[in-house]
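Chemist: Position chain B relative to chain A; hints supplied.
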Amino acid sequence: MNKKNNIHATVQSLLASALALSGLGQKVAAQTLEDEQVNYRYSKYDEDALPDGLVQSGDPARYQIETHQFRLVKSIGDRYSLTFNAVHETMSGSSPWFVLPGANGTPVQILSGATIEDKRDEFRGKLTRLAENGKWSLELGVSDEDDYQAKSLSLAREIENEDKSRTWALSGSISLDDIDPTDALLFDRVESAEKDSFSIYGGLTQVINRDTLLQVGLNVSKHDGFLSDPYKRVFVENTIRNDNRPGSRTQYAASARLRHYLNSVKAALHVNYRYYLDDWSVEAHTLDISWNQKLPSGWRLSPAIRYHSQESASFYSPFFTDSPANGFYSSDYRLATYGALSYRISVNKTINDWDFIVSAELYDSKESLAISGTQFQTSGLVDFSRFTAGFNYRF
Amino acid sequence: MRSSRIIVFLLIALTSASCATVEPWERGRLAQPEMALDVDPLAAELEAHTYFSKEGASGGTGTSGGGCGCN
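As they're listed, the protein sequences go chains A and B. Read in order, the letters of the first sequence are residues 134 to 528 in the numbering used here. Read in order, the letters of the second sequence are residues 4 to 74 in the numbering used here.
Excised from the complex, chain A in its bound form (with noise of 0.2 angstroms):
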C-alpha cells in the first residue's frame, strides 16, 4: 500500500514538474502575463442591398468597411507586460436615413442619398501589472472618426483563489465621446454634443472539472447626453424630424461562458450566452456556440453559429402617424424587434512561432427570427458578410 502511495505521489511529482515546464499548468491561472507577440488582421466587412420593393430612394449600396488591426503584447520585466492596439477603418456607402410609410401600411426604406466616406482611427494602451494573487490592468484609448471622438479610461482587477481553481474579476470604465456631425446646418443636425458612458463588470471564472470551465458575470453601463443618432430622420405626424431618444440608457448584460474539451477528438466545445436588458425596454437573448477542432500538422479549424433575438425600444416604430405623447421616436432598425442568425467558420495553421488565420462570416437579420415572431415589418434590416485574414507571431 505504501509503496503504491509513494508510486502515485512520484507520478504526481512528475507530472506537475512536467507541467510546470511546458507552462501548461500555468496557462490555466490568471497569474501569467500574455506571452511576447505581433498580430495583425485585415477584414473587408460588406452590407449586402437592401430588396428592391423596401427601397424608394437613396443609394442601394450599403456599407463596406475595410478594418486593419494590430496588437503587440510586450513584457517589461517579469511584473508588467504592454499591450498596444491599433485599429483602422475605412468606411463608405449609404445608410438607412429615414422610413416612410408605403403602400398598406408597409414600410419603405429612404437610404443617405450620397455616398458616405469616413474612417476612423483607434489606439488602445494597456499596462498589466501581476499581484501577488492576480493582476491589475490599467487602459488608455482614444477612437477618432471626422465626427465623432472617444477618449476611454479602463481599471482592472483579478483575484485567483489559493488552488486557481476560481478566478474573480472586476472591472470599470469611463467613456468621454464628443459628437460633431458632418453638414449639421444643411440637414438640421445637431452641431455639437457629447456622450459620457461609465461601466462596471463582475465576473468569475470557475474550473468545474479536468475538461470544463464556465465564466459568468454581470456588466451594468450607464449612458448619459446625446443618445440619438444625428443622421437619422423619421416620419411622425406627416413630418419628418430628426431622431430623437432620451438622454439616458441604462444596460444590464448577464453572461456565461462554457468551455467544455472532449479529449476523445481533441477538440473544444465553446457556448456562449448573455441575457440582455436595457431601459430602453430592449430585452436580447444572445447564443453563440462553436467548435474548435484541432487537426495534424498544426492546423486547427473552428465552424460557431450565433442566435440573436432582440424585442424593440419602446419608442421604436418603424414610422409614427400619430406623435409619441413622451416626445421620443426612433426608427433605427437597430432598435427594432428582429433575429439573427450569423454562421462563420475560421481556420488556423501554426508553423512554430507563426500563426495563420483566415476566417469568414454570414450574418443574416429578418423579423421572423425574432423569439417573438414578426410584429410588424421593418426596413433596413442587415444582411452582411465578412472575410478576415492575418497572422500572429510570437517573440
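The hints are simulated quantities; they were obtained by calculation from the structure and are not laboratory data. Nothing here was measured: the structure is a model prediction, and the numbers come from that model. Among the hints, a few may not be true.
For each label pair, taking beta carbons as the anchor points, the in silico distance ranges come out as [stated by the list, open to error]:
1) B:T24 / A:A458: 53 to 63 angstroms
2) B:T24 / A:S225: 51 to 61 angstroms
3) B:T24 / A:A522: 35 to 45 angstroms
4) A:I249 / B:T24: 51 to 61 angstroms
5) A:S325 / B:T24: 56 to 66 angstroms
6) A:D254 / B:T24: 42 to 52 angstroms
7) A:V323 / B:T24: 50 to 60 angstroms
Here chain B is said to cover these stretches of chain A; the calculated rule only asks that three of the stretch's residues, wherever they fall, bring their Cβ under 8 angstroms from a Cβ of chain B [stated by the list, open to error]:
8) 302-309
9) 329-335
10) 375-387
Here a beta-carbon is modelled for each residue, glycine too, at the ideal position from N, C-alpha and C.
Modeler: Then chain B, alone, in the frame of chain A:
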C-alpha cells in the same frame, strides 16, 4: 420582473459552478489553446465591435474602449 431574471440566471449559473477539486497537474486539457475564453482576441474584438454597431444590445463580458459614431 425583468431584472429578477438576471438574478435568477446568475444564481443558476453560480450554483452550477459547484465543482470537483482539480489538481494543477490535472489541468493540461484546460490549458489547451482551444480552451481559452477568447481563442483569438482580435477576432473577438472585431466581432464585438460589429455586433455593437449593428444590434440593439451589447456588453456582458467586460468593460473596455469607447464609443463610435457607427452607422
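Chemist: Taking the numbered hints from earlier one at a time, note which ones the structure violates and give those numbers from smallest to largest.
Modeler: Of the numbered hints given earlier, the structure breaks none, since each of them holds.
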